[in-house]
Amino acid sequence: MEIVCPAGTPASLRAAVKAGAHTIYCGFADETNARNFPGLNFDRAEMRDGIAFAHARGAKVLVAINTFPRAGGEATWHAAIADAEAAGADAVILADLGLLDRAARHHPGLRRHLSVQAAAANADMINLYADTFGVKRVVLPRVLSVPEIAAINAETQVETEVFVFGGLCVMAEGRCSLSSYATGKSPNMNGVCSPASHVEYVEENGTLDARLGGYTIHRAARGEPAPYPTLCKGCFGAGEKTGHLFEDPVSLNAEQLIPQLEKAGVTALKIEGRQRSSSYVAQVVRNFRAAVDAVAAGRPLPAGMLARLSEGQAGTTGAYRKTWR
Amino acid sequence: MTPPTSTIATFPAPLTLPLRVLPLAPLSLSMTALTRSIARRHPGLFRRLGPYADRRFILDPTDLPVVIALEPRAGAPRLSVLRGRGEGDARIAGPLAALIGLVHGAYDGDALFFSRDLVIEGDTEAALALRNAVDDAELDLAREVETLSGPLARPLRRLIDLAERRTGAPLSRPDNGLYDDAGEMSQRTEMPQW
Numbered sequence: 018m019e020i021v022c023p024a025g026t027p028a029s030l031r032a033a034v035k036a037g038a039h040t041i042y043c044g045f046a047d048e049t050n051a052r053n054f055p056g057l058n059f060d061r062a063e064m065r066d067g068i069a070f071a072h073a074r075g076a077k078v079l080v081a082i083n084t085f086p087r088a089g090g091e092a093t094w095h096a097a098i099a100d101a102e103a104a105g106a107d108a109v110i111l112a113d114l115g116l117l118d119r120a121a122r123h124h125p126g127l128r129r130h131l132s133v134q135a136a137a138a139n140a141d142m143i144n145l146y147a148d149t150f151g152v153k154r155v156v157l158p159r160v161l162s163v164p165e166i167a168a169i170n171a172e173t174q175v176e177t178e179v180f181v182f183g184g185l186c187v188m189a190e191g192r193c194s195l196s197s198y199a200t201g202k203s204p205n206m207n208g209v210c211s212p213a214s215h216v217e218y219v220e221e222n223g224t225l226d227a228r229l230g231g232y233t234i235h236r237a238a239r240g241e242p243a244p245y246p247t248l249c250k251g252c253f254g255a256g257e258k259t260g261h262l263f264e265d266p267v268s269l270n271a272e273q274l275i276p277q278l279e280k281a282g283v284t285a286l287k288i289e290g291r292q293r294s295s296s297y298v299a300q301v302v303r304n305f306r307a308a309v310d311a312v313a314a315g316r317p318l319p320a321g322m323l324a325r326l327s328e329g330q331a332g333t334t335g336a337y338r339k340t341w342r
Numbered sequence: 006m007t008p009p010t011s012t013i014a015t016f017p018a019p020l021t022l023p024l025r026v027l028p029l030a031p032l033s034l035s036m037t038a039l040t041r042s043i044a045r046r047h048p049g050l051f052r053r054l055g056p057y058a059d060r061r062f063i064l065d066p067t068d069l070p071v072v073i074a075l076e077p078r079a080g081a082p083r084l085s086v087l088r089g090r091g092e093g094d095a096r097i098a099g100p101l102a103a104l105i106g107l108v109h110g111a112y113d114g115d116a117l118f119f120s121r122d123l124v125i126e127g128d129t130e131a132a133l134a135l136r137n138a139v140d141d142a143e144l145d146l147a148r149e150v151e152t153l154s155g156p157l158a159r160p161l162r163r164l165i166d167l168a169e170r171r172t173g174a175p176l177s178r179p180d181n182g183l184y185d186d187a188g189e190m191s192q193r194t195e196m197p198q199w
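Heads up: the sequence lines are chains A and B, in that order.
Numbering follows our numbering, with no gaps: position 93 of the first sequence is 110.
Numbering follows our numbering, with no gaps: position 152 of the second sequence is 157.
For the record, the hints were derived by calculation from the structure and aren't laboratory data.
Computed from a predicted structure; not experimentally measured.
A virtual CB, placed ideally from N, CA and C, is assigned to each residue, including glycine.
One or more of the hints may lead you astray.
Said to hold, decoys possible - Short, incomplete list of chain B residues facing chain A, as computed with Cβ under 8 Å:
1. Tyr57
2. Asp59
3. Ser85
4. Arg88
5. Ala111
6. Gly114
7. Ala116
8. Phe118
9. Val124
10. Ala134
11. Leu135
12. Ala138
13. Asp140
14. Glu143
15. Met196
The following block holds chain B by itself, in its conformation from the complex (with noise of 0.2 Å):
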């Protein structure tokens, strides 16, 4: 059988070390108000969970020494940086660019676990509806945060891009190339006629 080969970016080893001796609550207090932001911008998201909004789901960048905490709560989600495993009823884990290409739609769940990028653990059931629940809400992380960052959200989107070009990383929602500029189908398709 041939071993996958993953194309998925990883994140540089030197620029983790911050991750590894400053404190972590800032960064947990931001990343709430962040998902609290889209909680609010994408409430379908948490109605598409259903019954598995109040599980604790661990998401775990391999390539970063720490991982996410995340607790939908019912529409009120909280998201914890911690360092070590972290304790929750599924883990999903993967490179960081595979996490957010998720979100993004540029991958696809089952085609980053069949290559082995992605390790599903714990509450199955619920790791599915998280995937499901995200993919449809075609949420875009770089303009979440442009939403929330007021007169800096154009430099800190230029920040994005290049962050973006550089490492390959799909750091936000792709382009399908579908739309023309009056964001009509460039291409309609004939009704079949039956």
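Next comes chain A alone, as it looks inside the complex (with noise of 0.2 Å):
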């Protein structure tokens, strides 16, 4: 199975590189991409030459445009996947119909990927996106479980591609404006879930709070696990009680679900965190291709070392497994 790692920075394509990805996916230091996060991504050089890098050493590079244009700023979102092209991507991740047409059109030659904020979970939708517009490979949402993704690759050819590591998105992605009410912004438009102009951590005593928009969103005692200053994974208090509403601060890690996840015609494990560090992406990247190698030998899956690069230093299977509380 193919590894696709995440690269916010040229020496994360280098170290992605360096650990054995297969596959590298990265953006424009712009609003194109859905981690458009200071001092993050790739100018036009930067891109050209991470992807040289890759290639030379046997790897693919992935260009994500995946929120969605503006009114009136398409032009944007246009040039970046001319540039891509032009950079030599091996293909585009793309959510918005309009560009999907346009990069059909205009850019035959280039792959297209399609995002998972385009939300596709049933393989009618995957099947029209690829009769349309001709994509080749879905980003499956992170809301179906492993018989339902084996259910969706029974009925269509096109390549599936899951989440198996680091952030958790937990609503229909590309249709979450949640954060938009305490920020104005929002991942589908600005390409930030919570925009780092808006958080603030704030330590008194050993208590750590974390707002967002100027509402307290997360109060973490000393000794605590801090998670993401996220609204989905907030803990709230109503009357007299307090919880996690949508979702504990935790990662997904679906290691162990790599065999199943092969039965189910998978073709490609996805790993989150273009905002994460070049040692992260080095560690991550390493223990999933001695899993995926592991696997294709016939070897038992190695063991697990990653509890404290996730997020509330903790792993979940997420819906791949789905229970209730």
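Using the hints, put the two chains back together into the complex; each one sits in its own frame.
And the structure:
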């Protein structure tokens, strides 16, 4: 199986390639990609150099252009597709129907992948994207169980890519505007879930408050792990009850499900984390490359070592194994 | 919820005494010289900081009695070692080994944040930009010190290596073991066929 790894910087791209990634995904330093964080991402020259570095070492590069263009601002997204092709990208990852249409018409030689932001969660929808826009691969939303993924693969020729590690989005991806209520910005339009400009941490007497847009959304007592400041993993009080309303602050780790995902017909395993460091990328890629190689060779899966890298320092298999509170 | 257990080395308290009593100006001057040398050798670091290059960052090694005020100033950086909390736009606090380990890519910033080994206060956007810019620069502070040290470079390097072994702190960029002696990748990957 193919491992698809994140790179927020050229250093992370090199780290991923060195650690054994088959494929790396990254984005331009603007609002065209859904990890539009300060100090992150690639300018045009860095993208060209990064792709050349990866190709020279047998790895492919996908360019994520997976936000939804602003009315009147489409030229920025159109330029991103053209520049990705010119830089030698192996594929672009798109979510917007207009962009998919444009890429199919103006860049027919550029392979098109469907972003998780498109929230394509059944075979009919995926086949429509393939028939209409020539989509070759779909990144499945993180709301499907393994049997549901197998059912999709039985009814489509489109390759499927699934998230196996990293931040866990629990919403219908591409349709979540939760953070816009607290910040005025959303991941779909601005490429940020909890924009750093609206995030504030305050530690007093060992208690860490995380605030988003001025609202306290989590409070960690001394000794408790700190979470990302996302509303969907916030801890809220109502009446006499306090708890995580949508999801606990945990990371996805489906490493142990790799054999089942392979049986379900999955082509590629995706690691989340373009906002993370080159150290994270190297550790996670090495771990998953070892796991995939072990499965391919019929060996038992190696023991995972990734808990410390996880949000909440705890892992979950998310929707792949569905349970209820 | 399981309390995080820190594996980060802390600076030996008796060795912090000079920082409590000696004048800090010479240390500030030499650290500014080091940072300016880094700026010359790694201009991309300051380019990546973008609009945040005019911020003042307080780096707070929690196991030392001083803080470091970093002003990138568009590639002409200034570094001041100060007693007390210091004032700045963003504060990044953690054990000295954690801060140096971040520079050297030995630790992941988010993981240190999850485990509460690292605390960020103030302008989160600026702090993130600094972290990402430093991570991309792939700095090796030991090598940067060597570059500035002329004939003292080799004994200084031996001293740094010794301190690294004794303290367990990542005082230089770790060898990732992925390259052979010729600098070529020891294991090439097979390009996916699609």
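Go through the numbered hints given earlier and state which of them the structure violates, listing their numbers in rising order.
Numbers 2, 3 and 4 - these are the hints that the structure violates, sorted from lowest upward.
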